[in-house]
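Taken in order, these protein sequences are the chains called A and B. Residue numbers for the first sequence follow this note's numbering, so the first one is 1 and each next one is one higher. Residue numbers for the second sequence follow this note's numbering, so the first one is 326 and each next one is one higher.
Rather than coming from a laboratory, the hints here were simulated on the basis of the structure. Quick caveat, the model's predicted, so the values are computed rather than measured. Be careful, since some hints might not be right.
In the SDA-like style, the derived pairs of lysine to any residue whose C-alpha atoms are separated by at most 25 Å in a straight line are [to be verified]:
id, chain 1, residue 1, chain 2, residue 2
1, B, Lys-433, A, Glu-207
2, B, Lys-433, B, Arg-483
3, A, Lys-165, B, Arg-483
4, A, Lys-165, B, Arg-557
5, A, Lys-181, B, Pro-456
6, B, Lys-582, B, Arg-599
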Amino acid sequence: MSRLQVVSGKGGTGKTTVAAALALALATEGKRTLLVEVEGRQGIAQLFETETLPYEERKIAVAPGGGEVYALAIDPELALLDYLQMFYKLGSAGRALKKLGAIDFATTVAPGLRDVLLTGKACEAVRRKDKSGRFAYDYVIMDAPPTGRITRFLNVNDEVAGLAKIGPIHNQAQAVMRVLKSPETSVHLVTLLEEMPVQETADGIAELRSARLPVGRIIVNMVRPEVLDAAELELVRTVPRTAVAQSLSAAGLGGARRGGHAERLVDPLLAQAGEYGERYALEHEQRAVLGELGLPLHELPLLAEGMDLAGLYELAAELREQRMS
Amino acid sequence: MSKDPALAKEGTRHGLSPARVLDLDPLLDDRKTRIIVCCGSGGVGKTTTAAALGLRAAERGRKVVVLTIDPARRLAQSMGIDSLDNTPRRVKGVEGDGELHAMMLDMKRTFDEIVEAHADEDRASAILNNPFYQSLSAGFAGTQEYMAMEKLGQLRARDEWDLIVVDTPPSRSALDFLDAPKRLGSFLDGKLIRVLLAPAKVGGRAGMKFLNVGMSMMTGALGKLLGGQLLRDVQTFVAAMDSMFGGFRTRADATYKLLQAPGTAFLVVAAPERDALREAAYFVERLAAEDMPLAGLVLNRVHGSGADRLSAERALAAAENLEEPRIVDQGDGKAGLRNSPDMYGSSESPAAESPASEPPASAPPAPDEGSPAATQDTERRQDPRQVSEQEMSVEQLTAGLLRLHAERMRLLSREQRTRDRFTALHPEVAVAEVAALPGDVHDLAGLRDIGNRLAAAHPELPEPDAGV
């Protein structure tokens, strides 16, 4: 099991939720995990129903069996100062840099550097050991940028190593790439059973593979329960309206006669079933496309009541059951 | 308030002034509308909305260009263009007198074009060949925002189109593209650029002494940090770009002002989900803070039901009612497994056995016409074996239809709650609701359909053939 788990996916597929559930699942049974947010959206704080996360590793949840989940929202500016301090002992020069606006430049105007800091910080957490020589975190889970940007994001240090051919930045960039391209890292993609996210997942996997980044698993999120099966959907097309009306009436929903309550329900109910059928067919198609990608597939259910903390634990249990963790 | 909690709750809901309806056609038809910016978080259908609005405006007689940032291949294909590029291409098949052009932002190309247009040949090639420039322009996150604004400015300056519809980059922090000019400004006004530009100037005037110490420490630190060769690359790049920075800023400022001008309308796009609407609320607040003209909220993928008077609870109760006789019939402990098809292959459920046993369309499975439904039901309870297989499958199907409906109603009420929360926070924002589509858009007809849905006031009463 890789120690750095990177979770990406198209916008709107719920990658933050999946990353959080994975952090919980991996923490089960006394493990300690770190959930890292890199996009500054405070999605983790909202999911765990806690206040805004500072740039500080903070315990946010306890997993079943005594494990702990820590969270860190990386602030690029603070990360840069941190990084200067840690690697180059540039304390006062770091402050001078800040005065000159170099930090602003590095973290906003030259955006590639921002990605360097974010990946660098995550890799640092992966490698960090405590005094007894044990890893500080058993797993680090990153809520990463969306699929369209993930390869470039993870590969930024390759680019940097090419730009800065010598010096500490070069060495640091190479050290980060060594972690990211090793089996220590695993990049998972979250998708929905819809055409566009599935297409993007396929494209993302191809990109990751050509950059030799380790692709992990596909997690299909928000899978709807099967209410009608194929045979029933076939029947939807052929069933006489009167029979359905009578059935509805028998169930206590009013008169089956023309204009009766039950009778008036028939058309809208059949229309809803027709839509369901269309979606059902589409989902089957997309599942087949995903199947051809040759990666382990996991499915997480759509939670009827929307996403909340209880739901998060439910999804974590689901991931454990499916041996994702 | 009423003592009845249920009534009180109802009261609160209706007490909210219903969201103002955003009427999009007048906005599209108004010749004074020159720019429409669609913003919103990822995955809410922003690009599709931009394309659908562009098509609708074109078919209502306007000459439109749609600037997309990162369209899915499908969407480009739906406009009949296999791969969109940095030049606006005319979309074929548009009805009426208007025109629709579409393009996709190519960051590197846009950046290169600026360099080529604003620097003499030698300097341009020095910049284009600089390694630092090459990786900066190739599209690290952030460059996209600058270039989108640059392109918008260019399109507007060409004055070939009377309406520009812009899709915005899927930014990490919602409105990065609004910050782009300011950031550039603070960089250009900052001291760093002077350090980078003039490391040689250090030393000299007494009044500059403190700064000079800082500067030499700075270049030293930068050199140590970046490595001498990268620092040189950066310095060469900044020096070569120096003459162009002023132009960048002037244009960025002009574009920013253009966004605040009366001819611009912002549309915040969202889906009725908690995260998307939270993000939308943030956009609304941010736009107000920046004096950007907000036209309203486009709420995509809103679900409706033609049978919304039947509540989820009643539908479920009725479904159970229909399934009950068979549960009795099945006896022993299997009752709870009723819903998993593979568990009752041996029972009398034909649907589970094989699709072939379904009733043909021509043969109505209705039992004796005369007896009222209620009596049938009682009879069935008494002797389940009299019920025909066909009737059983219809009952099972009806139960399924009811469960499906219950699910739909739960979704509806969840969407309603999320929407109400937004409306309570921002009652001033007009909303256009777009009914959910079961599938994706594949062609102009699909985009046109979305355009119709966008312009329709309410998704709750769709045309029956729209499949909602």
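Going through the hints against the structure:
About 19 Å separates the Cα atoms of B:Lys-433 and A:Glu-207, which keeps this hinted pair within 25 Å; it holds. A distance of roughly 20 Å separates the Cα atoms of B:Lys-433 and B:Arg-483; the hinted pair therefore holds under the 25 Å criterion. Proposed proximity of A:Lys-165 and B:Arg-483 is contradicted: the alpha carbons are some 42 Å apart, above 25 Å. Between A:Lys-165 and B:Arg-557 the alpha-carbon distance is near 12 Å, which keeps this suggested pair within the 25 Å criterion.
Straight-line distance between C-alpha atoms of A:Lys-181 and B:Pro-456 comes to about 24 Å, which keeps the hinted pair within the 25 Å bound. Taking the CA atoms of B:Lys-582 and B:Arg-599, the gap is near 32 Å; set against the 25 Å cutoff, the hint is violated.
The earlier numbered hints that this structure contradicts are 3, 6.
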